[in-house]
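Asks: Listed below, chain by chain, are the residues.
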Amino acid sequence: MEQKTIKHKFSFWHVVKSLASGLRLTWKHFRNAKNRRTPEYVTDKNYFNQPEGLVTLKYPYEAIPVPDNGRYRLHNEIDDCIVCDLCAKICPVNCITIESVKATEEIGMTSDGTKKRLYAPVFDIDMAKCCYCGLCTTVCPTDCLTMTPVYDFAEVDIKNMIYHFTDLSLEQAEEKKQLLAKQQEEMAAAKAAALAARNKG
Amino acid sequence: MLAFVLTLVLLLSIVIVLAYAERKVAAFMQDRMGPTEAGPYGSLQAVLDVLKLLQKEDIVPAAADKKLFKLAPILIFAAVFAGFAVIPFTPDLVPAGIGIGVFYLLAIISLDVVGLLMAGWGSNNKYAMLGAMRSVAQIVSYEIPAALAILSAVMVCQSLDFQEISYQQGVLMNFFPGLGSEVNWLFGLEALGINTTYVGGITTWNIFRAPILLVSFIIYFIASLAESNRAPFDIPEAESELVAGFHVEYSGFRFAMLFLAEYSMMVLVSLVAVILFLGSWNTPLPNLGPIRLAYWTTGTVGELSGMLWGGFWLLSKTFMLLFLQLQIRWTYPRLRVDQLMHLCWKVLTPIALAVVLIAGIWRLLMI
Ligand code: SF4
Ligand code: SF4
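From first to last, the protein sequence lines are chains H and G.
Letter by letter, the first sequence follows residues 1 to 201 in this note's numbering.
Letter by letter, the second sequence follows residues 1001 to 1367 in this note's numbering.
As a list, the in silico SDA-like pairs of lysine to any residue whose alpha-carbon atoms are at most 25 Å apart:
| no. | chain 1 | residue 1 | chain 2 | residue 2 |
| --- | --- | --- | --- | --- |
| 1 | G | K1346 | H | W13 |
| 2 | H | K58 | G | D1031 |
| 3 | H | K28 | G | A1021 |
| 4 | H | K28 | G | R1023 |
| 5 | H | K28 | G | P1232 |
| 6 | H | K28 | G | L1324 |
| 7 | G | K1056 | G | I1074 |
| 8 | H | K58 | G | A1019 |
| 9 | H | K17 | G | Y1332 |
| 10 | G | K1066 | G | F1259 |
| 11 | H | K17 | G | T1331 |
| 12 | H | K58 | H | A154 |
| 13 | G | K1126 | G | L1075 |
| 14 | H | K58 | G | A1021 |
| 15 | H | K34 | G | Y1332 |
| 16 | H | K45 | G | M1033 |
| 17 | H | K28 | G | S1043 |
Covered stretches of chain G, as calculated for chain H (at least 3 residues, CB under 8 Å):
| no. | region |
| --- | --- |
| 18 | 1028-1035 |
| 19 | 1330-1336 |
Hints listed in this document are in silico derivations from the structure and should not be mistaken for laboratory results.
For glycine and all other residues, C-beta sits at the position ideal for the given N, C-alpha and C.
Next comes chain H alone, as it looks inside the complex (with noise of 0.2 Å):
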């Protein structure tokens, strides 16, 4: 557009012409009430582009959709955690608690193939800490600790934000670490045995 110097008329005729244009403004917002925006995804060549109508969203109810690679609240899927302590160790808040118990045996492989062998009595985010810098996804080994679409999760509790994505109850985790307890106790007894023998002999 032409940059011209504004200059301020003060006639009769250029008032009632520049108040009649603010007038023809508002109209024009009331008239083009009736289009919405629409929830158009980020890639969306209208997402930028949509200069007519209400531009407000009723927000519980309808939301723009986020990136893929936002950042908001991480989900761990246990099940293809392999417990390596990674995003704990490179977390640069702290906010991940990681303990792990050895299996007696394997206990299955995750998606991508990789052997479990440990199991978590707890894998605890504090999401109130986390400063979703994203830095746990990109090192987790198996791809299982990655950021979700949902950043509406404000709580009342605090307590509430650290998020536990264990699947072992208290007692199965209990009777893991005994069963690894039992097991090294053997492997112990065993050894003794194997040491006895060879010093015997």
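Please arrange chain G with the ligands on chain H, whose structure you already have, making use of the hints.
Replies: Chain G with the ligands only, in chain H's frame:
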């Protein structure tokens, strides 16, 4: 008594519609949605707001002048509401038809100022006081051009009775006692030789009977915006500088009263504008030869059809003016105090005086 209750109910419903419309119109003009939650399209929002206000605690500040503080909202609303007494709603329905309605209206509306000053002074708050002083200065000033504009209409109509003025502006003119043999000429000029008595419709509205009244209508409309403290003349309430002006200390029921009074004032000034300039309850559609639109859309006086058509036209014209008031509020920025006084004393008042003079001369031509 019945008229009192009916007018009050009518007024309350109009105000509720208006308060809802205000929020929706504002929202649409600013590309927002406005209320959407309460009821379909948020239509119950205004009702719920009123209910909420009524439940709230009625706080009277410790340092306030209690008597003035408590009395002010009642006085303000009573003054505005009393104005509705002389408004003719249909050809045969006036709450109190008195011969000097216009004069009474101007007098009783001025009482409003006393109430505003009481509210501002009684609150014992600097913002309230400033707001009340500005408000009073503004209303007193703008009453002059408004009254002059009304005066020009009164001169053309030769009557202070709203109902008589209404009858003059339509096909029913000869039904009014005393106007039996009057004749309406186009633009009020007999020399043109076009008799519009039986054409009616828009051709007999006051702005057509004497085109100079179009100017007085505009003057009156601007002045009435100022009198009801509407933007762009809302410096008495200037949210950003005076918090809310004279009603900053009010809460609960008393605030609801002030709110109601403000919106009633808007309705009242629009009604008066419609009655004096825009043909009152008369239809805008003229009789065109055999197509007797004016008669079809007027109904029969004294019967239900007359009542309904009259009320319909009056209210629809009023709502158009009210919409214009809303649109103006969301279009123009607020005037400064000096601009406000400049507009009133140096622009509107001289023009209004000239219009009164011309209207007088026009009336001489009309005879
Ligand atoms: S996103 Fe960043 S801050 Fe949040 S848990 Fe992952 S590494 Fe920690
Ligand atoms: S980096 Fe991934 S696999 Fe490793 S513990 Fe964290 S979530 Fe589990």
